[in-house]
Amino acid sequence: MPLHARTLRIGRRALAAALLLAGSCLAAPLAAQLPADSLHAALTGRWRGSLTYRDYRDPTRRVTLPTLLGVTSAPAGGVRLVYTYDDGPGKTVYDTTVVFARTPVAPGGSIRWGAEADTATVL
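The sequence shown lines up with residues 1 to 123 when you count with this note's numbering.
Incorrect hints may have been included.
With beta-carbon atoms standing in for the labels, derived distance ranges [stated by the list, open to error]:
id, residue 1, residue 2, range
1, ARG80, THR60, 20 to 26 angstroms
2, PRO59, ARG80, 27 to 33 angstroms
3, THR84, ASP55, 19 to 25 angstroms
4, ASP58, VAL98, 17 to 23 angstroms
5, GLY77, ASP55, 35 to 41 angstroms
6, THR96, TYR56, 34 to 40 angstroms
7, PHE100, ARG46, 17 to 23 angstroms
8, THR92, GLY45, 18 to 24 angstroms
9, ASP58, ARG80, 19 to 25 angstroms
10, THR52, PRO89, 15 to 21 angstroms
11, PHE100, PRO59, 14 to 20 angstroms
12, ALA42, GLY90, 33 to 39 angstroms
13, PHE100, ARG57, 32 to 38 angstroms
14, ARG57, THR96, 17 to 23 angstroms
Calculated from the structure, these hints are not laboratory results.
For clarity, every value in this text was computed on a predicted model and none was experimentally measured.
Ideal Cβ placement from N, Cα and C applies to all residues, glycine included.
Using the sequences plus the hints, can you model the full thing?
Here's what the structure looks like:
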């Protein structure tokens, strides 16, 4: 699978929120023009980018790690996000998240997902 030539400079939760928001925003206005699987099809593949987070030892610094993201369809209309990044010498980390957009969300509404009940607001 080819790597997309785009750079991801957002965190995993922000990406999950963006996927949900995009699906929610596109669902209503484009329903007649856009097949249900189009968003999944557009996102499916392998992406190369970076994971940036606040340095735990010095909160004024940021740490950036090269990151690969694999996006595949999951059962029940979900999207599976598999992150792979190097977290130090000889330490490769794999993180898998499955995101479900259960119902379209109107602007101003909120979306909850994950075990920690993460929330995003639709603008």
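Hints versus structure:
1. ARG80 x THR60: 20 to 26 angstroms: For THR60 against ARG80, whose Cβ atoms are near 35 angstroms apart, the range 20 to 26 angstroms is violated.
2. PRO59 x ARG80: 27 to 33 angstroms: holds, 32 angstroms
3. THR84 x ASP55: 19 to 25 angstroms: Once the Cβ atoms are compared, 21 angstroms apart, the range 19 to 25 angstroms for ASP55 and THR84 holds.
4. ASP58 x VAL98: 17 to 23 angstroms: violated, 33 angstroms
5. GLY77 x ASP55: 35 to 41 angstroms: Once the Cβ atoms are compared, 37 angstroms apart, the range 35 to 41 angstroms for ASP55 and GLY77 holds.
6. THR96 x TYR56: 34 to 40 angstroms: At roughly 23 angstroms between Cβ atoms, TYR56 and THR96 fall outside 34 to 40 angstroms, so the hint is violated.
7. PHE100 x ARG46: 17 to 23 angstroms: Because 22 angstroms falls inside the window, the suggested range holds.
8. THR92 x GLY45: 18 to 24 angstroms: For THR92 and GLY45 the Cβ distance comes to about 20 angstroms; the hint holds.
9. ASP58 x ARG80: 19 to 25 angstroms: violated, 34 angstroms
10. THR52 x PRO89: 15 to 21 angstroms: 20 angstroms Cβ-Cβ, so the 15 to 21 angstroms window holds.
11. PHE100 x PRO59: 14 to 20 angstroms: The hinted range 14 to 20 angstroms is violated for PHE100 and PRO59, with Cβ atoms some 33 angstroms apart.
12. ALA42 x GLY90: 33 to 39 angstroms: 35 angstroms Cβ-Cβ, so the 33 to 39 angstroms window holds.
13. PHE100 x ARG57: 32 to 38 angstroms: 36 angstroms Cβ-Cβ, so the 32 to 38 angstroms window holds.
14. ARG57 x THR96: 17 to 23 angstroms: Roughly 27 angstroms apart at Cβ, these two residues miss the hinted range, so it is violated.
The structure is inconsistent with the numbered hints 1, 4, 6, 9, 11, 14, although it conforms to all the rest.
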